[in-house]
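**Q** Here is what each chain is made of, one letter per residue.
2 protein chains.
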Amino acid sequence: MAFDKVSDLAKRRGFIWGPSPNIYNGGVSGFYDWGINGKLLKNKVESVIRKGFSSYSFFEVESPTIMPKIVWEASGHYSNFFDFTVECKKCKSTYRADNLIKESLPNEKVILEMSSLEKQIKKIKCPNCKSPLENIKKYSLMMSTTIGSDKESFLRPETATTTYLLYPEYHRFFRTKLPFGVFQIGKAYRNEVSPRQHVFRTREFTQAEAQLFILKKDKSNISLSDLKTKLPLLSYDKKDPIDIEMEKALKNKMLKSKAYASILEIAYEIIANIGLDKKRIRIKQHHPDELAHYALDAWDIEYKTERFGWMEVCGIHDRQDYDLKRHSEYSKTKFPGEIPHILEIACGVERLTYCLLENSFREEKDRVWLQFPRGMGPIDVAVLPLIQKDGLPEKAKQVFKMLEKNFVCLYDESGSIGRRYARNDEIGTTITCTIDHMSLKDNSITLRDVYTTRQIRVKISDLKKVIDCIMDGEDFLKLGKEVHTRVK
Amino acid sequence: MAFDKVSDLAKRRGFIWGPSPNIYNGGVSGFYDWGINGKLLKNKVESVIRKGFSSYSFFEVESPTIMPKIVWEASGHYSNFFDFTVECKKCKSTYRADNLIKESLPNEKVILEMSSLEKQIKKIKCPNCKSPLENIKKYSLMMSTTIGSDKESFLRPETATTTYLLYPEYHRFFRTKLPFGVFQIGKAYRNEVSPRQHVFRTREFTQAEAQLFILKKDKSNISLSDLKTKLPLLSYDKKDPIDIEMEKALKNKMLKSKAYASILEIAYEIIANIGLDKKRIRIKQHHPDELAHYALDAWDIEYKTERFGWMEVCGIHDRQDYDLKRHSEYSKTKFPGEIPHILEIACGVERLTYCLLENSFREEKDRVWLQFPRGMGPIDVAVLPLIQKDGLPEKAKQVFKMLEKNFVCLYDESGSIGRRYARNDEIGTTITCTIDHMSLKDNSITLRDVYTTRQIRVKISDLKKVIDCIMDGEDFLKLGKEVHTRVK
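Quick note, the sequences are listed as chains A and B, same order.
Under numbering that gives the first Met the number 0, the first sequence has 320 at position 321, and the numbering climbs by one with no breaks.
Under numbering that gives the first Met the number 0, the second sequence has 47 at position 48, and the numbering climbs by one with no breaks.
Among the hints, a few may not be true.
Said to hold, decoys possible - When the alpha-carbon atoms are kept at most 25 Å apart in a straight line, the in silico PhoX-like pairs for lysine-lysine are as follows: (1) B:K68 / A:K150; (2) A:K400 / A:K388; (3) B:K480 / A:K150; (4) A:K50 / B:K216; (5) A:K68 / B:K150; (6) A:K458 / B:K101; (7) A:K396 / B:K176; (8) A:K400 / B:K50; (9) A:K91 / A:K122; (10) A:K400 / B:K176; (11) B:K215 / B:K250; (12) B:K480 / A:K458; (13) B:K215 / A:K400; (14) B:K400 / A:K404; (15) B:K89 / A:K464; (16) B:K463 / A:K50; (17) A:K186 / A:K68; (18) B:K396 / A:K176; (19) B:K50 / A:K396; (20) B:K121 / B:K101; (21) B:K477 / A:K404; (22) B:K121 / A:K400; (23) B:K89 / A:K150; (24) A:K464 / B:K257; (25) B:K186 / A:K186; (26) B:K227 / B:K186.
Hint data in this document are derived by calculation from the structure and do not stem from the laboratory.
Looking at chain A on its own, in the form it has when it is part of the complex:
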């Protein structure tokens, strides 16, 4: 099955290790390490998101990940961000009550209210020891800590709240002109009850969340993008998505404002730039019953994974003026001018990175490789001396030095050239660059393409330009003279 193959390769080739800390009894569920290739890949995904937001004039900030209790009282997380759990009194297994009821009583409707859940849980036996279950508890999803000796605080369950709090600073910085956009890429924490969905549900993860602060009256007439893209929209009341141009979706009233349509388009463009297969993407509207009372509208960009089915990788929310009003009230701060609305894009970085990994997995007879979209592989160029003598390593190191300023490079001299090719195919290195005896004579090298395994000969002096072209997606075989070498 694809998931097992991908997660096995991810472990073996240093993409995702864990659960973490693995040497201590196999680690704690919901925590992972991003290994050497995985971190390079995650950096690339973050870099595409950062460039995407920046190109629409969203500006990055970085806030603390810990905030005192009052902030979470204001945001609503302190009272509302919890799961219902049930613990078996006999065997001490803990379950999420709603999930257990859904699995055990598939025909009953699950309502997230204590009394309703308690009635249903009594019909169910503990899946582990078959004892009766009772006593549902509210289980906060925030992780708590203490600042100083006694200041009750929480690790942020999202970056967004910490970004909102700087509104007065933005207002000054942007010289009172709205709309403006900011974003934050950073850690968030959720104390999930027994998380079991690999990197899709973890207790510590990276969010990339952007906010557009915009006056209510401007939402209907301001757009940051051209609204010409066709997006696969799945309305809450439909069964299948339709591909529809944003302008038309607005006219049809599928979307509630021009500005919202615009950030939806931007979010989709960023996901597309990461290079996920568009056929596996849909954009699903939240059912009005699921919306928080303050949310005007919410759509999720979902990617169809092999193992978990459709998974949210990005959410787009119209939060109206809820957050700023609450923080103004709780902090007793009068914000300058009219309080704007917030339109938000919230991406899960690890989820996107995993989807990209799965999406790039290829297998054919006895060859396994990762075919990342051009430029997205963890390593751009692997520089390989054909053998470890005759001055080839020295020459290869010169080439490495020349390229490392502009590209993510790897120098690798150990093992036969065939094994080094196979290793680089497996981790999805965009291009390998081999230095052989001829290179010493005529300053040319062989470039090999992971997609096709075909090879071209290129002058070292042209190397930077040629690799730039490859990264930009130009046709590999047109960039140099094709060569045919036998690989032992």
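We have chain A already, so just place chain B on it with the hints.
**A** Only chain B this time, still in chain A's reference frame:
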């Protein structure tokens, strides 16, 4: 005073905001937000560090920031990472006992032991209310939290420990070949007692820590660098630093191993690449009395700040095999092969970023500007249409689109051109690029240099190449025809 001017500019121009969350009663001490220009600058610093480590074949990983208690028992932090504090019973002020004794009894030696501190504290009155003081407490510097419903855990007080734990994974990944290097850039947390040194002592901060795993026997004969650099070494038994070539310092036995000298040289090169003034840097050895029992040697790279004097920005440690042995023991994991030693470089990212800011501050008559080392300014290119009409904004946006793929760009059309120049000078934008009416006719633009305020005229088709040259430090005036414009 320079500190006030720099921190005022940092606040006003969106570098550093806080304490955070500022709207809630002025924030909590020890927490800051990195604003729009500050985050860009911090990203640049991180990028120099990342490139620096990578170019010596250290590989990046990313681990969770939360680890269960047993990890910190093994690392030693659980028992040993605390401060001695004293709380005034009357006014409830809390002090770090050793600091208070140093200030109040400047002639007495401070020994970090409970009995000795208790004797001394009785001689001191509370600085706030003049009541007598007593009862010193141990105050853990780790922030605690709970994973799941009951797993006692701590936020990491350093990235290093979380990096060490992956040793078995590295060993496989690098196919058992030592030495190898890894690094991690990420958040760490210390629950400081009333931190008061701006971003130099915070409760949440970013570390960039690299580790070289090397066999003990190889430390004397393996070097990653050429050991030719002269470094300003200040031995623990000397009063002043001497500039000495690494090879000579080894021969003199100032440094204990070739490998250690090498990572010291690499650390210094990275700090130099960030562009801090070398005259304000010294490398100070820890006194043997201050060394942890397992540490063979430790030197700190210090930068002389205006306000706080000499401050550590990077530490270089020979930790021997202490960490791996402890984690092997506590996790009951037999590590493969011989246990290597760890040589470590530990940089404080916010400290380095602040030093860079202070180091770049310039003032002359009524002009204030930030003169960052070339390429280190938060924004590479600000694209400015001369006025907001006649098609200049459209043309400027085309230029912006063209440049944003390769450079950090800002598009700014609001206010007079003179005010926009002044604003960009104040934040240290490397180059401004002005589009005027002539640009529409002959596709040329004006580039203006923040260092000198001088201007050259350049073809749009040459723009990317010219900016590349400027970022590489080439002579600005040689890259185009100088123009003289009056700025209103």
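**Q** None of the hints should be skipped; say for each whether it holds.
**A** Checked hints:
{"no.": "1", "hint": "B:K68 / A:K150", "in the structure": "holds, 21 Å"}
{"no.": "2", "hint": "A:K400 / A:K388", "in the structure": "holds, 19 Å"}
{"no.": "3", "hint": "B:K480 / A:K150", "in the structure": "violated, 61 Å"}
{"no.": "4", "hint": "A:K50 / B:K216", "in the structure": "violated, 46 Å"}
{"no.": "5", "hint": "A:K68 / B:K150", "in the structure": "holds, 21 Å"}
{"no.": "6", "hint": "A:K458 / B:K101", "in the structure": "violated, 66 Å"}
{"no.": "7", "hint": "A:K396 / B:K176", "in the structure": "holds, 19 Å"}
{"no.": "8", "hint": "A:K400 / B:K50", "in the structure": "holds, 12 Å"}
{"no.": "9", "hint": "A:K91 / A:K122", "in the structure": "holds, 18 Å"}
{"no.": "10", "hint": "A:K400 / B:K176", "in the structure": "holds, 22 Å"}
{"no.": "11", "hint": "B:K215 / B:K250", "in the structure": "holds, 19 Å"}
{"no.": "12", "hint": "B:K480 / A:K458", "in the structure": "violated, 34 Å"}
{"no.": "13", "hint": "B:K215 / A:K400", "in the structure": "violated, 29 Å"}
{"no.": "14", "hint": "B:K400 / A:K404", "in the structure": "holds, 23 Å"}
{"no.": "15", "hint": "B:K89 / A:K464", "in the structure": "violated, 72 Å"}
{"no.": "16", "hint": "B:K463 / A:K50", "in the structure": "holds, 18 Å"}
{"no.": "17", "hint": "A:K186 / A:K68", "in the structure": "holds, 18 Å"}
{"no.": "18", "hint": "B:K396 / A:K176", "in the structure": "holds, 19 Å"}
{"no.": "19", "hint": "B:K50 / A:K396", "in the structure": "holds, 16 Å"}
{"no.": "20", "hint": "B:K121 / B:K101", "in the structure": "holds, 14 Å"}
{"no.": "21", "hint": "B:K477 / A:K404", "in the structure": "holds, 24 Å"}
{"no.": "22", "hint": "B:K121 / A:K400", "in the structure": "violated, 62 Å"}
{"no.": "23", "hint": "B:K89 / A:K150", "in the structure": "holds, 20 Å"}
{"no.": "24", "hint": "A:K464 / B:K257", "in the structure": "violated, 39 Å"}
{"no.": "25", "hint": "B:K186 / A:K186", "in the structure": "holds, 9 Å"}
{"no.": "26", "hint": "B:K227 / B:K186", "in the structure": "violated, 34 Å"}
Violated hints, in rising order: 3, 4, 6, 12, 13, 15, 22, 24 and 26; the structure is consistent with all others.
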